[in-house]
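Protein chains: 2
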Amino acid sequence: MTGIDRAAANAEAFRRMTAAEPVLVDILPARDVVPGMDRRIVLTSGAPLPWEDYEGGQREGLIGGALYEGWAGTREEAIALFDSGGIAVGACQDHACVGSLAGIYTPSMPVFVVEDRATGRRAYCNMYEGKSRKRLNYGTYDETVHRQLKMVETILAPTLAETVRDIGGVPLKPLMIRALNMGDELHSRNTAASLMFARELTPGFLRLFSKLGSHVEKTVELLTEDHYFFLRLSMAAAKVSADLAHGVEGASIVTAMAFSCREFSIRVSGLDGWIRGPHASVEAKLFDGHDASEITWMGGESPITETIGLGGFAQGGAPTLQAYQGGSYAAMMARNETLYDIVEGENPDYKIAAFGYRGTPTGIDLFKVLKTGILPVMDIGIAGKGGGQIGAGVVSAPMDCFRQAAELYAARYGD
Amino acid sequence: MTGIDRAAANAEAFRRMTAAEPVLVDILPARDVVPGMDRRIVLTSGAPLPWEDYEGGQREGLIGGALYEGWAGTREEAIALFDSGGIAVGACQDHACVGSLAGIYTPSMPVFVVEDRATGRRAYCNMYEGKSRKRLNYGTYDETVHRQLKMVETILAPTLAETVRDIGGVPLKPLMIRALNMGDELHSRNTAASLMFARELTPGFLRLFSKLGSHVEKTVELLTEDHYFFLRLSMAAAKVSADLAHGVEGASIVTAMAFSCREFSIRVSGLDGWIRGPHASVEAKLFDGHDASEITWMGGESPITETIGLGGFAQGGAPTLQAYQGGSYAAMMARNETLYDIVEGENPDYKIAAFGYRGTPTGIDLFKVLKTGILPVMDIGIAGKGGGQIGAGVVSAPMDCFRQAAELYAARYGD
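Read top to bottom, the protein sequences are chains A and B.
Be aware that the first sequence starts at 1, since it is given in this note's numbering, and climbs by one per residue.
Be aware that the second sequence starts at 1, since it is given in this note's numbering, and climbs by one per residue.
There may be inaccurate statements among the hints.
Pairs involving identical chains hold if they fit within one copy or between any two copies, as the list cannot separate such chains.
As the list claims (entries may be wrong) - Straight-line alpha carbon distances no greater than 27 Å define the calculated DSS-like cross-link-like pairs of lysine-lysine that follow:
1. 368 to 131
2. 371 to 150
3. 285 to 150
4. 218 to 385
5. 173 to 131
6. 218 to 173
7. 134 to 218
8. 150 to 211
By construction, these hints were calculated from the structure, which means they are not laboratory data.
With the hints as constraints, model all of the structure from the sequences given.
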């Protein structure tokens, strides 16, 4: 096909991505709101794979999801049900969801319902399990994980849901804009955003306290106990923003980046489906008592945040990450600067004070990646082979995905 | 006198200053808790002056204080009472208080009671009047200012007081340490600290809501409406820290820096009284519609924060200040770095992530200032001749104070 104006298509994808106004409108069980979740299905991160290809922690997470739903009494029964198709496996992003690490979604799990104000388009993300390093999304399922998930389902989510409805929803972009100037990059650090989110809900918490009592106190505690609560809101906001930019004919802008246990994949606005490549090497800082031999891949779609100019694309706003994921602030700033060479533009809303309020580099153009050789970077949590989180780090997308994408683009649109 | 070990004395002053553990224990009317305030007295910022020497906004602030207390019905009556000694004028720091801008304290005004845990030593600071640019501490007194002060006295302070007692006090240092990594320098920016303070009080707010109702909602709003609420807590924490370091025989460490309408003054640990010098020039960024001809001095003791390693000594932690007080982040970082040459040491608690978690430069040594020619810098609000805040900026202490201090030191301790 000829006559495609790639520059105009990319400008339009960028415009749609940055025009998004994500609002948290509700929190509901996935089965009641996520398309295709009212059946025996477990969603997981990454481009879809056949059940038998999931391995390690991601497979354990799927099994844990089945056990959590009570569809099987034992690990073996759960495996048999997956083998027979009695339980389906789905890819999060095929259901407008986005998965943190293994990204396990089951029908009874509560999800944030985030809606773009102008278009009504929705994205969903399930909720942070808490600061324990053992979590289902890190491939672990035991009594502790079960208890924590039940607490999220029966205390945190209903309390938050009632509060969010009471105050009429929470526009997320204003909080995210401010958080970037308060030490967050909204992927591996969400401390300020979580505090501001709790602050936004406070009038509702006060009104509901006489009815909900200690559940409100517990909820406030969970919202602000560490650096991660807001991440799931940042992810849902990023997902709806990226989805709005997807499907622009001729656009070479990346609209999703995701890991499974097997591979790294990207989506591109003007192309169909996932473009799959190998994993890449990671620069990690591990918690005490762990070493590099334990590092494993079990999925991860939180790089949806990098796709819209946050996370690794906003490291200049988050100097404390050096203590968590390694590296120096000078190196983080320098790396952040280089990313302007591979994007469509500077974000009109998400800005970094340390860069003189320059907008974050936003809208990865696969052709600029190929031309410069500069790879998108992502701030990620690191999972261990034994399950659980063992550290954090920075990972670069593999060049192979972008080479394949360019070939697909040429095949579809001509050179 | 010979035999003074200045190095050991300075190390001891630094140790005392940095060992402080300030805790907010209560909020009470000044008359009930501040020494010498149970009479007709108005406290104001800076080394003490005779009443007739106060001019401009600082004089207007004192008059406003008398009117606020109802000691006079008109401006003229108030002036006559100050003239006759029927109302006394005091210096904030002679009463363990510390004044923001004009620093007007009257007996009925509520003050934060901040106590050092180990020693029981206390410092006090009155409360932020709110985001209106017209405020008594900026030399304005009218119906709006009166209403705002009454709201602070009758709604904000009692609600906060009851909440603080309910939760058993609030240790301030942990909040301040975290705030420095969330964009605050705890003088001209206190956004994160104010949010965290509101978060600390939330369990109390919830428990007291059924009793106090809308006063709680109003209080939460006032705590987080702009960037300044926590400043008065930062100032009280700094005051108690600096006071602990004062009075170490032979120490040449600065323990207070303060403006009045007439002059800039410092206190030094091993010397008595205030050492007075001229004002210095300011690099200001003014709000729209104002120009440099309007800038005036009407006092200010918030540089107590710089005295203990915050504010201008922690600019590297607060990149957004460029938008408020001018300059670039690169210039702020460079200036912050130079201040290590004039201090006793690096703060063991207050650290800057952007400097690789280096402690802030803390404990200004007057001899290092003289030797290097590097002047302490302070982040300040700028008052206008017509009253009210017209901008913000960075000011350098005048060298003359340090020259005089060195002469006094030599006279007392020998060369």
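Worksheet item: Under a CA distance limit of 27 Å, which applies to residue 134 and residue 218: within one copy, between copies, both, or neither?
Response: within (20 Å within a copy, 40 Å between copies)
Discussion item. If the cut is 27 Å between Cα atoms, do residue 285 and residue 150 qualify within a copy, between copies, both or neither?
Written reply: Result: close neither inside a copy nor across copies, 31 Å intra and 53 Å inter.
Discussion item. When Cα atoms must be at most 27 Å apart, do residue 173 and residue 131 count as within-copy, between-copy, both, or neither?
Written reply: both (25 Å within a copy, 24 Å between copies)
Discussion item. When Cα atoms must be at most 27 Å apart, do residue 150 and residue 211 count as within-copy, between-copy, both, or neither?
Written reply: within (21 Å within a copy, 33 Å between copies)
Worksheet item: Checking residue 218 and residue 385: alpha-carbon separation at most 27 Å within a copy, between copies, both or neither?
Response: neither (32 Å within a copy, 50 Å between copies)
Discussion item. I want to check one pair: residue 218 and residue 173. Are their C-alpha atoms no more than 27 Å apart within a copy, between two copies, both, or neither?
Written reply: both (26 Å within a copy, 24 Å between copies)
Practice prompt. Indicate which option fits the pair residue 371, residue 150 if close means a Cα-Cα distance not exceeding 27 Å: within, between, both or neither.
Written response: The answer is neither: 49 Å in one copy and 64 Å across copies each exceed 27 Å.
Practice prompt. Using 27 Å as the alpha carbon limit, work out where residue 368 and residue 131 are close: within a copy, between copies, both or neither.
Written response: Neither. Shortest intra-copy (38 Å) and inter-copy (46 Å) distances fail the 27 Å Cα cut-off.
Hints 1, 2, 3, 4 from the list above are not met by this structure, while the remaining hints are.
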